[in-house]
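Protein sequence lines, in the order shown, are assigned to chains A and B.
Those letters in the first sequence? Residues 1 to 290, by the working numbering.
Those letters in the second sequence? Residues 1001 to 1272, by the working numbering.
Calculated directly from the structure, the hints in this document are not laboratory data.
Predicted model only: the values in this text are computed from it and were never measured.
Just so you know, not all the hints are guaranteed correct.
Claimed, not checked - A short list of chain B residues far from chain A (calculated; beta carbon distances all over 12 Å):
1) Val1055
2) Leu1074
3) Val1093
4) Asn1179
5) Ile1203
6) Cys1226
7) Thr1234
Claimed, not checked - Straight-line Cα separation of at most 25 Å, DSS-like style, residue types lysine-lysine; simulated pairs:
8) Lys190/A - Lys233/A
9) Lys1019/B - Lys83/A
10) Lys74/A - Lys1191/B
11) Lys1068/B - Lys1141/B
12) Lys74/A - Lys1237/B
13) Lys1019/B - Lys57/A
14) Lys233/A - Lys256/A
15) Lys117/A - Lys1187/B
16) Lys1198/B - Lys74/A
17) Lys1191/B - Lys73/A
18) Lys1019/B - Lys1144/B
19) Lys279/A - Lys256/A
20) Lys1057/B - Lys79/A
21) Lys83/A - Lys1141/B
22) Lys23/A - Lys233/A
Glycine included, each C-beta is placed from N, C-alpha and C at the ideal position.
Each chain is listed here by its residues.
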Amino acid sequence: MIQFHNVTYTYNFNTDTCKDAIKNINLKILPGEFLAIIGQTGSGKSTLVEHMNGLKKPTVGEVFVSGQDIWQKKFDITKVRFKVGLVFQYPEHQMFEQDVFSEIAFGLRNNGIAETKIESLIFEALDFVGLPHDILNSSPFDFSGGQKRKIAIASTIAMQPDVIILDEPTAGLDPYSSELLLKKFKDYNKNKGKTVILVSHSMEEVVRFADRVIVMHNGEIKMEGEPRKIFTKVEELNEMGLDVPQILKVFLELRKLGFPARADIYTVEEAKQEFFRLKNLTKGGKSFVK
Amino acid sequence: MLNNMMVGQFFAADSIIHKLDPRIKLLLTFVYTLLMFFIESMFIFTFNILAIIMVYKLARVPLKILIKSIKRMLPILLISAGINIFLIQGETVFKFLGINITKQGLCMVSTMIVRIICLISGMLLLLYTTSPAELVAAIEKILKPLKIFKVSPEEIAIMFSIALHFVPVLLLEAERIMNAQRARGAKFDSKHLKEKLKAYITIVIPLLISTSNRANDLAIAMESRCYHGGENRTRFKILHYSAYDLYALLISLLYVLLLLIFNKLDFFKIVM
Ligand SMILES: Nc1ncnc2c1ncn2[C@@H]1O[C@H](COP(=O)(O)OP(=O)(O)OP(=O)(O)O)[C@@H](O)[C@H]1O
Ligand SMILES: [Mg+2]
Chain A
1 MIQFHNVTYT YNFNTDTCKD AIKNINLKIL PGEFLAIIGQ TGSGKSTLVE
51 HMNGLKKPTV GEVFVSGQDI WQKKFDITKV RFKVGLVFQY PEHQMFEQDV
101 FSEIAFGLRN NGIAETKIES LIFEALDFVG LPHDILNSSP FDFSGGQKRK
151 IAIASTIAMQ PDVIILDEPT AGLDPYSSEL LLKKFKDYNK NKGKTVILVS
201 HSMEEVVRFA DRVIVMHNGE IKMEGEPRKI FTKVEELNEM GLDVPQILKV
251 FLELRKLGFP ARADIYTVEE AKQEFFRLKN LTKGGKSFVK
Chain B
1001 MLNNMMVGQF FAADSIIHKL DPRIKLLLTF VYTLLMFFIE SMFIFTFNIL
1051 AIIMVYKLAR VPLKILIKSI KRMLPILLIS AGINIFLIQG ETVFKFLGIN
1101 ITKQGLCMVS TMIVRIICLI SGMLLLLYTT SPAELVAAIE KILKPLKIFK
1151 VSPEEIAIMF SIALHFVPVL LLEAERIMNA QRARGAKFDS KHLKEKLKAY
1201 ITIVIPLLIS TSNRANDLAI AMESRCYHGG ENRTRFKILH YSAYDLYALL
1251 ISLLYVLLLL IFNKLDFFKI VM
């Protein structure tokens, strides 16, 4: 679907403050996968995803979308923008329309979608983010930060892109809303077969939703693979300033204390079952603590 | 793209010129600007350019960045030169597009261009060698007398410095919003003027909103740290005159006199 070939991007190229934000990236994103990107602050995640819909032009290397080099001459880059939707960090800062309807319709109108179809797409998008239909006539500025975030996400999702990129979509949302939103994106991925790319600082989100994860460090891809495999490399991750899911840490500590706990516990559900198993083991009166 | 417009002119270096008191530099730049309007002879301008190059060397500011800035002004220079050259009457040298190009016209336009270049290099030297903070402190001191008219120089100074600080912040913000709208298909590179204008409005509104929010936040943050200008406020950067300032004043005074005297002597005009 999206392919990076030796991509390097340098900020402030040709000046004395120039800096490689991403270096020599080779990456293949398959259609229909749920990919997570993790990495420390400043590791180049945002820079990487901004290449995927042609907002940044690689200093060196090529980016292919659906097999086509998007920076070749005469290629219409706006087509890529409709195919690959990008929800920015803090998308609520991009609003400008007088009412929610026009705000969400902005991308659709730019794409030349007929007005008759727009309405149903907007309703669908509102359902997606869990907002009521009666807000369409209010001003987008009359909402709370989290609600604005949802409106902004709706404006991208309404375009029904084949690939949707989410740059830390849940930062600053309440846990209930973020959970709901991520589940919706998982549905979008599963049921519609669309590609979802999630930039996240929450290892819990990554392990629960992603099929594959890539780990960025200082502008390079240091690891990639299934989340469960990646999180077994606790030390390497710590070295890159990253953590493993909280629950896993509990079980790793238990193992250090001498309990025969498993080292691959990532979710609350798994933790529950493991605790029951451990409890049953201790029933015989033996203590595992040395 | 917006990076090219960055206004951060200050060029940090360790030189005598950087160490001069900003008030002195401001004053000297002002005098120098006036001086440039009194000079008419090409010879003296040439002399002045040599002097400027020497001062740039003294300030350890590479001439390369000065030339870059002048190049950016070139279109404006050429347009005004182009207009002037057709308008001045006198001895015809040659005809161009049916319009007389006169000796006086050529003379006047070349003097004008050199004068503007001299002016720009002088003012830029001030910006290259004086940090915005110093500049603001100097402006504040110079505006002190305005207190009689109930104008608070501290408030003007703080407004200046906030504005200076926020220019790069706002440029980054504008670029971010531009990208966000682009991702939703806004057509900034459209060939239709109307579409293009529409696309730019989608930046202006969010930018205005975030600017006013930011201003509000800043005001609250300042107030909650008990900011108040004026009375009893001590400052981080205290301006002191040094011996160098005196030397600079004397040397400049000599220089001004020298140029003015040369300018009076018709001898140099004949040479030209
Ligand atoms: N506009 C810019 N100008 C210059 N350098 C930049 C700019 N934006 C980012 N960088 C540099 O590029 C590097 C990567 O930045 P990027 O925004 O991609 O990081 P990130 O992984 O998204 O971080 P975060 O988790 O904080 O969002 C940073 O180290 C930063 O110094
Ligand atoms: Mg980022």
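Which of the numbered hints above does this structure break?
4, 5, 8, 9, 11, 12, 13, 20, 21
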